[in-house]
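A.B. asks: From first to last, the protein sequence lines are chains A and B. Start counting the first sequence at 1; every next residue gets the next number (our numbering). Start counting the second sequence at 1; every next residue gets the next number (our numbering).
For the record, the hints were derived by calculation from the structure and aren't laboratory data. Don't take each hint at face value.
[Stated by the list, open to error] Derived EDC-like pairs: lysine to aspartate or glutamate, alpha-carbon spacing no greater than 20 Å straight-line:
no., chain 1, residue 1, chain 2, residue 2
1, B, K141, A, E286
2, B, K142, A, D37
3, A, K254, A, D294
4, B, K62, B, D103
5, B, K143, A, E36
6, B, K92, B, D103
7, B, K204, B, E159
8, B, K173, A, E101
9, B, K143, A, D37
10, B, K142, A, E286
11, B, K141, A, D205
12, B, K140, A, E286
13, B, K60, B, E100
14, A, K104, B, E159
15, A, K256, A, E286
16, B, K264, B, E278
17, B, K140, A, E220
18, B, K173, A, D44
19, A, K85, B, E87
20, B, K141, A, E36
21, B, K141, B, E87
22, A, K111, B, E65
23, B, K140, A, E36
24, A, K323, A, D205
25, A, K325, A, E286
26, B, K141, A, D37
27, B, K21, B, E268
28, B, K114, B, E100
29, B, K173, A, E60
30, A, K111, B, E115
31, B, K140, A, D205
32, B, K234, A, D64
33, B, K142, A, E36
Fair warning: this is a prediction, and the values are worked out from it, not measured in the lab.
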Amino acid sequence: MSELINFDQKSIKTWSLIGSRATFGMVSLDLAKNIEDLMILTCDVSTSAGLDRFRKSFPEKYLDVGIAEQNLIGIAAGLSSTGYKVFTTTFAPFQTMRCCEQIKVNLGYMKKKVNMIGLASGLVLGNLGYTHCCIEDISIIRSIPNIAILSPADCTETAKAIEASINYKSSVYIRLTGSQNNPIVYKNDYKYEIGKLIELKTGKDITIFSTGTMVYESLEAEKILQAQGISCSVIDVHTIKPIDSAAIVELSKKSKLFVSVEEHSIVGGLGSAIAEVNSTIKNSPEHLIIGIPDKYEISGDYEYIKEKYGLSSKLIAKKIFDKYKTL
Amino acid sequence: MKKLNEGELKEIKNFSKKIRKHILDMALHAGASSSHFGGALSIVEIISTLFSYQMNLNEKNKYLETRDRFILSKGHACLAYYAALCEIGFIKKDELKTFEKNDSNLLGHPVANKELGIEFSNGSLGMGLSLGIGLCISSKKKKSNFKVYVILGDGECNEGSVWEAMMAASHFKLDNLYVFIDRNNFQQTGSNNEIMSLENLKAKLISFGWNTIEIDGHNINEISNALNLNDKNKPTAIIANTIKGKGFSFSENNNSWHHAVLTKSTYEKALTELENYE
Numbered sequence: 001m002s003e004l005i006n007f008d009q010k011s012i013k014t015w016s017l018i019g020s021r022a023t024f025g026m027v028s029l030d031l032a033k034n035i036e037d038l039m040i041l042t043c044d045v046s047t048s049a050g051l052d053r054f055r056k057s058f059p060e061k062y063l064d065v066g067i068a069e070q071n072l073i074g075i076a077a078g079l080s081s082t083g084y085k086v087f088t089t090t091f092a093p094f095q096t097m098r099c100c101e102q103i104k105v106n107l108g109y110m111k112k113k114v115n116m117i118g119l120a121s122g123l124v125l126g127n128l129g130y131t132h133c134c135i136e137d138i139s140i141i142r143s144i145p146n147i148a149i150l151s152p153a154d155c156t157e158t159a160k161a162i163e164a165s166i167n168y169k170s171s172v173y174i175r176l177t178g179s180q181n182n183p184i185v186y187k188n189d190y191k192y193e194i195g196k197l198i199e200l201k202t203g204k205d206i207t208i209f210s211t212g213t214m215v216y217e218s219l220e221a222e223k224i225l226q227a228q229g230i231s232c233s234v235i236d237v238h239t240i241k242p243i244d245s246a247a248i249v250e251l252s253k254k255s256k257l258f259v260s261v262e263e264h265s266i267v268g269g270l271g272s273a274i275a276e277v278n279s280t281i282k283n284s285p286e287h288l289i290i291g292i293p294d295k296y297e298i299s300g301d302y303e304y305i306k307e308k309y310g311l312s313s314k315l316i317a318k319k320i321f322d323k324y325k326t327l
Numbered sequence: 001m002k003k004l005n006e007g008e009l010k011e012i013k014n015f016s017k018k019i020r021k022h023i024l025d026m027a028l029h030a031g032a033s034s035s036h037f038g039g040a041l042s043i044v045e046i047i048s049t050l051f052s053y054q055m056n057l058n059e060k061n062k063y064l065e066t067r068d069r070f071i072l073s074k075g076h077a078c079l080a081y082y083a084a085l086c087e088i089g090f091i092k093k094d095e096l097k098t099f100e101k102n103d104s105n106l107l108g109h110p111v112a113n114k115e116l117g118i119e120f121s122n123g124s125l126g127m128g129l130s131l132g133i134g135l136c137i138s139s140k141k142k143k144s145n146f147k148v149y150v151i152l153g154d155g156e157c158n159e160g161s162v163w164e165a166m167m168a169a170s171h172f173k174l175d176n177l178y179v180f181i182d183r184n185n186f187q188q189t190g191s192n193n194e195i196m197s198l199e200n201l202k203a204k205l206i207s208f209g210w211n212t213i214e215i216d217g218h219n220i221n222e223i224s225n226a227l228n229l230n231d232k233n234k235p236t237a238i239i240a241n242t243i244k245g246k247g248f249s250f251s252e253n254n255n256s257w258h259h260a261v262l263t264k265s266t267y268e269k270a271l272t273e274l275e276n277y278e
């Protein structure tokens with residue numbers, strides 16, 4: 001199914017082991033072999049992006065612009081306007097917020113196509129504080145026209161998203177979440193299309209929309225709820241924008257409750273995107289939004305913060321169970 | 001070094017005069033919606049030299065990879081840009097009258113439009129130079145050998161992103177990049193010195209690794225000569241000392257003409273002055 005990247009068992013296992021950032025670096029090597037006009041731009045984060053090998057192997061396709069994200073986007077747009085296939089990458093807050101207006105003007109307004117990789121988004125850098133955590137990126141980029149937002153469920157889907165972004169019609173923001181030993185959702189190659197959500201589990205009572213790392217947690221939560229006699233569909237919303245409105249409308253017909261689960265602020269992310277569609281549906285199901293509260297509060301390591309915010313499978317199942325009982 | 005001959009000089013001067021006339025016409029048509037008048041007039045000689053003489057850019061080569069690129073980073077000075085694009089055949093004279101009107105292609109800041117010769121959308125200050133760097137890197141990598149010309153405002157140099165780009169352009173040794181800094185000493189609400197002093201701009205640029213030249217930005221010979229003073233492996237910065245509102249007694253060095261309404265009577269007065277402008 002894939003032309004540029006080999007989705008064999010060994011690759012899928014390796015990617016999961018090394019995590020989404022390093023997966024980007026590994027996949028880049030395949031891209032460089034196949035795409036003549038490829039350019040990957042970074043802001044002094046080649047190691048963090050898993051690009052050390054790429055930097056050595058393909059120096060002519062690599063450009064480090066220093067710690068200067070505003071300049072990064074402008075240079076990327078300039079290269080793109082002459083036909084280069086351009087990826088930019090740095091940590092998610094700097095990739096999206098430091099250069100937000102450059103993204104708006106160059107990628108959104110001027111429609112110069114650039115694929116941006118936001119590294120270590122969500123809470124994985126919790127120990128480093130909220131300068132480095134990123135709970136706002138989906139919300140911010142979502143309000144800029146002409147940019148698609150991809151949020152891969154695991155490292156297999158990270159590779160899929162990177163591959164699909166190359167020939168996609170607009171600029172793309174790929175939000176990478178999770179750590180090393182990233183749980184595998186997709187064990188084999190599969191059909192991935194930007195804008196088409198994937199129903200991983202089909203149930204009849206509740207639809208759980210999930211994205212990024214929360215896809216795996218939602219699949220685990222589904223098992224717990226199943227044991228309690230509640231039947232859930234679990235959806236991988238790998239594309240937050242454009243959101244798959246038609247599929248959401250269809251799912252609303254069989255759902256008593258919509259749930260959305262994301263490692264992102266409850267403001268403006270997956271929950272908001274689903275709610276924007278759901279609000280147009282007659283007799284729409286009630287919608288429980290699970291995500292990070294609108295505050296900078298809990299610090300600590302990744303697992304600790306996720307647990308505190310109720311983003312583990314057990315706590316997700318509990319929230320859903322409690323809500324379901326009130327219907 | 002190739003110097004302008006009398007004929008070439010006369011032609012560029014003539015071109016400048018036409019640009020000023022178009023600026024007046026557009027400013028008049030804009031009416032109450034007002035226009036960025038002063039900062040357009042300060043770059044007339046620069047833009048005229050580039051568009052009528054220096055750049056390899058015309059209606060016929062607009063899709064060719066090898067064409068030179070122009071970026072008006074101080075996008076609010078678009079009156080001069082639209083006027084030049086009209087003179088070289090990209091924009092019809094009638095279309096200039098749509099400036100800032102509903103559904104116009106010619107808004108108060110340039111909106112990218114290949115057919116009209118507008119390569120990039122600009123208007124948010126501090127972004128154009130970075131685009132230019134991307135283009136220059138591409139020109140070298142692909143051996144397209146085009147050059148990139150960027151005009152920055154002096155007020156625009158308040159933006160930190162300008163200095164990110166300044167650092168990068170010399171780091172990447174972009175000797176195909178030419179940047180004019182329109183040093184008219186004013187920005188929106190006051191002089192540079194009042195609002196944010198640039199101090200010794202020349203020393204700043206030299207210390208950033210640029211081939212730096214300071215000229216009278218209304219002297220066409222000096223503009224043209226500066227463009228010939230290329231230094232291998234360095235980008236070229238031309239500090240163009242200019243007069244905001246240049247060409248008309250009422251607007252020269254008068255910052256109330258940064259963004260102002262041109263009335264019919266002032267327009268008539270300006271036309272008379274333009275007749276006698278040297």
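A.B. asks: Hint by hint, note whether the structure agrees.
C.D. replies: To see whether the hints hold, each was checked on the structure:
1. Between K141 (chain B) and E286 (chain A) the alpha-carbon distance is near 55 Å, which puts this suggested pair outside the 20 Å criterion.
2. Distance restraint check for K142 (chain B) and D37 (chain A): the Cα-Cα separation of roughly 9 Å lies within the 20 Å cut-off, and the hinted pair is therefore satisfied.
3. Restraint check for K254 (chain A) and D294 (chain A): not satisfied, since their Cα atoms lie roughly 31 Å apart, outside the 20 Å limit.
4. Taking the CA atoms of K62 (chain B) and D103 (chain B), the gap is near 24 Å; set against the 20 Å cutoff, the hint is violated.
5. The hinted pair formed by K143 (chain B) and E36 (chain A) meets the criterion: a straight-line CA distance of about 15 Å does not exceed 20 Å.
6. Among the hinted pairs, K92 (chain B) with D103 (chain B) is consistent with the structure: their alpha-carbon atoms are about 16 Å apart, no more than 20 Å.
7. Pair hint K204 (chain B) plus E159 (chain B) holds up; C-alpha atoms about 14 Å apart against a cutoff of 20 Å.
8. A hinted pair counts as satisfied when its Cα atoms are at most 20 Å apart, and K173 (chain B) with E101 (chain A) does not qualify at roughly 27 Å.
9. With a CA separation close to 13 Å, the supplied pair K143 (chain B) and D37 (chain A) stays within the 20 Å bound.
10. Taking the CA atoms of K142 (chain B) and E286 (chain A), the gap is about 55 Å. The hint is violated against a cut of 20 Å.
11. For the given pair, K141 (chain B) sits about 57 Å from D205 (chain A) by alpha-carbon distance, which is inconsistent with the 20 Å threshold.
12. Our distance criterion of 20 Å between C-alpha atoms is broken by K140 (chain B) and E286 (chain A), whose separation comes to about 57 Å.
13. Distance hint between K60 (chain B) and E100 (chain B) is unfulfilled; the C-alpha atoms sit about 27 Å from each other, more than 20 Å.
14. Straight-line distance between C-alpha atoms of K104 (chain A) and E159 (chain B) comes to about 17 Å, which keeps the hinted pair within the 20 Å bound.
15. Distance restraint check for K256 (chain A) and E286 (chain A): the Cα-Cα separation of roughly 7 Å lies within the 20 Å cut-off, and the hinted pair is therefore satisfied.
16. Between K264 (chain B) and E278 (chain B) the alpha-carbon distance is near 23 Å, which puts this suggested pair outside the 20 Å criterion.
17. For a cut-off of 20 Å, the pair hint linking K140 (chain B) to E220 (chain A) is broken: about 52 Å separates their Cα positions.
18. For the given pair, K173 (chain B) sits about 19 Å from D44 (chain A) by alpha-carbon distance, which is consistent with the 20 Å threshold.
19. In summary, the hint linking K85 (chain A) to E87 (chain B) is not supported, as the alpha carbons are separated by about 35 Å, beyond the 20 Å threshold.
20. Using a Cα cut-off of 20 Å, the hinted pair K141 (chain B) and E36 (chain A) holds, with the two alpha carbons roughly 12 Å apart.
21. A distance of roughly 32 Å separates the Cα atoms of K141 (chain B) and E87 (chain B); the hinted pair therefore is violated under the 20 Å criterion.
22. Restraint check: the Cα-Cα separation between K111 (chain A) and E65 (chain B) comes to about 19 Å, which is no more than 20 Å; the hinted pair holds.
23. Pair hint K140 (chain B) plus E36 (chain A) holds up; C-alpha atoms about 16 Å apart against a cutoff of 20 Å.
24. Distance hint between K323 (chain A) and D205 (chain A) is fulfilled; the C-alpha atoms sit about 12 Å from each other, no more than 20 Å.
25. Simply put, K325 (chain A) and E286 (chain A) have alpha-carbon atoms about 13 Å apart, close enough for the 20 Å limit, and the pair holds.
26. For the given pair, K141 (chain B) sits about 10 Å from D37 (chain A) by alpha-carbon distance, which is consistent with the 20 Å threshold.
27. Annotation: proposed proximity of K21 (chain B) to E268 (chain B) holds, straight-line Cα distance about 11 Å (limit 20 Å).
28. In summary, the hint linking K114 (chain B) to E100 (chain B) is supported, as the alpha carbons are separated by about 19 Å, within the 20 Å threshold.
29. A distance of roughly 15 Å separates the Cα atoms of K173 (chain B) and E60 (chain A); the hinted pair therefore holds under the 20 Å criterion.
30. Restraint check for K111 (chain A) and E115 (chain B): satisfied, since their Cα atoms lie roughly 16 Å apart, inside the 20 Å limit.
31. Proposed proximity of K140 (chain B) and D205 (chain A) is contradicted: the alpha carbons are some 60 Å apart, above 20 Å.
32. At most 20 Å may separate the alpha-carbon atoms for a hinted pair to count; K234 (chain B) and D64 (chain A) meet this at roughly 19 Å.
33. Taking the CA atoms of K142 (chain B) and E36 (chain A), the gap is about 11 Å. The hint holds against a cut of 20 Å.
This entry does not satisfy hints 1, 3, 4, 8, 10, 11, 12, 13, 16, 17, 19, 21 and 31, going by the numbered hints stated previously.
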